[in-house]
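S.K.: Residue numbering for the sequence shown follows the numbering used here, starting at 71 and increasing by one per position.
Mixed in with the good hints there might be a few duds.
[To be verified] Taking lysine-lysine pairs in the DSBU-like style, the calculated list, with each CA pair at most 30 Å apart, reads:
#	residue 1	residue 2
1	Lys351	Lys331
2	Lys109	Lys195
3	Lys350	Lys297
[To be verified] Ranges between beta-carbon positions, derived for each pair:
#	residue 1	residue 2	range
4	Met122	Asp356	34 to 42 Å
5	Asp356	Asp156	42 to 50 Å
6	Asp98	Val235	43 to 51 Å
7	Val121	Asp286	48 to 56 Å
What the hints contain is simulated information worked out from the structure, not anything from laboratory work. Heads up, the beta-carbon is just placed ideally off N, CA and C, and yes, glycines get one too.
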Amino acid sequence: MAGVMDSVNQRTQLVGQNRLELLLFRLDGQQLYGINVFKVREVLQCPKLTVMPKSSPVVCGVANIRGATIPILDLAMATGSGRLLDQSNPFVIITEYNTKTQGFLVRSVERIVNMNWEEIHPPPKGTGRDHYLTAVTRVDNQLVEIIDVEKILAEVAPTPEAISVGVVDVETQHKALSLRVLTVDDSSVARKQVTRCLQTIGVEVVALNDGRQALDYLRKLVDEGKKPEEEFLMMISDIEMPEMDGYTLTAEIRGDPRMQKLHIILHTSLSGVFNQAMVKKVGADDFLAKFRPDDLASRVVDRIKAADIS
Numbered sequence: 071m072a073g074v075m076d077s078v079n080q081r082t083q084l085v086g087q088n089r090l091e092l093l094l095f096r097l098d099g100q101q102l103y104g105i106n107v108f109k110v111r112e113v114l115q116c117p118k119l120t121v122m123p124k125s126s127p128v129v130c131g132v133a134n135i136r137g138a139t140i141p142i143l144d145l146a147m148a149t150g151s152g153r154l155l156d157q158s159n160p161f162v163i164i165t166e167y168n169t170k171t172q173g174f175l176v177r178s179v180e181r182i183v184n185m186n187w188e189e190i191h192p193p194p195k196g197t198g199r200d201h202y203l204t205a206v207t208r209v210d211n212q213l214v215e216i217i218d219v220e221k222i223l224a225e226v227a228p229t230p231e232a233i234s235v236g237v238v239d240v241e242t243q244h245k246a247l248s249l250r251v252l253t254v255d256d257s258s259v260a261r262k263q264v265t266r267c268l269q270t271i272g273v274e275v276v277a278l279n280d281g282r283q284a285l286d287y288l289r290k291l292v293d294e295g296k297k298p299e300e301e302f303l304m305m306i307s308d309i310e311m312p313e314m315d316g317y318t319l320t321a322e323i324r325g326d327p328r329m330q331k332l333h334i335i336l337h338t339s340l341s342g343v344f345n346q347a348m349v350k351k352v353g354a355d356d357f358l359a360k361f362r363p364d365d366l367a368s369r370v371v372d373r374i375k376a377a378d379i380s
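Go ahead and model the full structure; you've got the sequences and the hints to work with.
M.R.: The structure is reproduced here in structure tokens:
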């Protein structure tokens, strides 16, 4: 498996070209699942686990990997399928989300595939509300389900969502009532987190599901003679999204004189300094790691004050 992952670092250059690479894996059945390689640190045979008392049933235990103690989650159980039944020589996918490291227990790891975000689609409408999918695609005529990891992590280890006292003052909340913010994220959990945070500040939120939907929405606005920078205080966009990623969305906005003045913050669970370079390359105004309500609120408060709304 080391051979599958040894070139991951070189592959991150695909980000920003509306491309990604998926690491394909299986749980108990034949269903293929995928995870963005950019989130993966390494893949290894499951090491010895130490069971932690009073931890979530989803957490199989913790493992000492390269000097760090890392929680290992049973991905089958986390998605409502029950514990992974076939645990003969399982693998662990070590990932980093929202600056936190965790491992996912899976039965087998297949290979890495190179794809365009346009080939990644939202889950079918008939999937219902309780699913754990953020997107689907097809590889070699097989359905690949991309799991909403942010939803799983929010259930296993909920992140505090309240804004600390003092981050938003009364005057700013009053000014916020006349403002709107556009948010773009394919994860239902992330959309709700951001929306609740912004509504606490007082702004109205328009929430969209992916970059393609957001670009079409903004183009419709400008076709109607409206200016996005006057309609919205800012746009807060995820990076990883089906149809069109946040980098490509930002580049498209910056490339259109009619909407290029819109203030853009890229808000993502992707970690690493690589993102800082990409933010500059595509022309975003800021980059913020998920999900830190005080940091997000502070960025919005700063924009409200800079806008000098009376």
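S.K.: Can you tell me whether the CB distance of Asp356 to Asp156 sits inside 42 to 50 Å?
M.R.: holds (45 Å)
S.K.: CB of Met122 to CB of Asp356, is that within 34 to 42 Å?
M.R.: holds (37 Å)
S.K.: For Asp98 and Val235, compare the CB-CB distance with the range 43 to 51 Å and indicate the outcome.
M.R.: Given range 43 to 51 Å: holds, Cβ gap about 47 Å.
S.K.: Below or equal to 30 Å on CA atoms is what counts here, so check Lys351 against Lys331.
M.R.: Cα-Cα ~16 Å, so holds.
S.K.: Starting from the hint 48 to 56 Å, judge whether the C-beta atoms of Val121 and Asp286 obey it.
M.R.: With a Cβ separation near 49 Å, Val121 and Asp286 satisfy 48 to 56 Å, so the hint holds.
S.K.: CA of Lys109 to CA of Lys195, is that 30 Å or under?
M.R.: Between Lys109 and Lys195 the Cα gap is close to 27 Å, so the pair holds against 30 Å.
S.K.: Taken at face value, is the distance from the CA of Lys297 to the CA of Lys350 at most 30 Å?
M.R.: holds (23 Å)
In this structure, none of the earlier numbered hints is contradicted; all agree with it.
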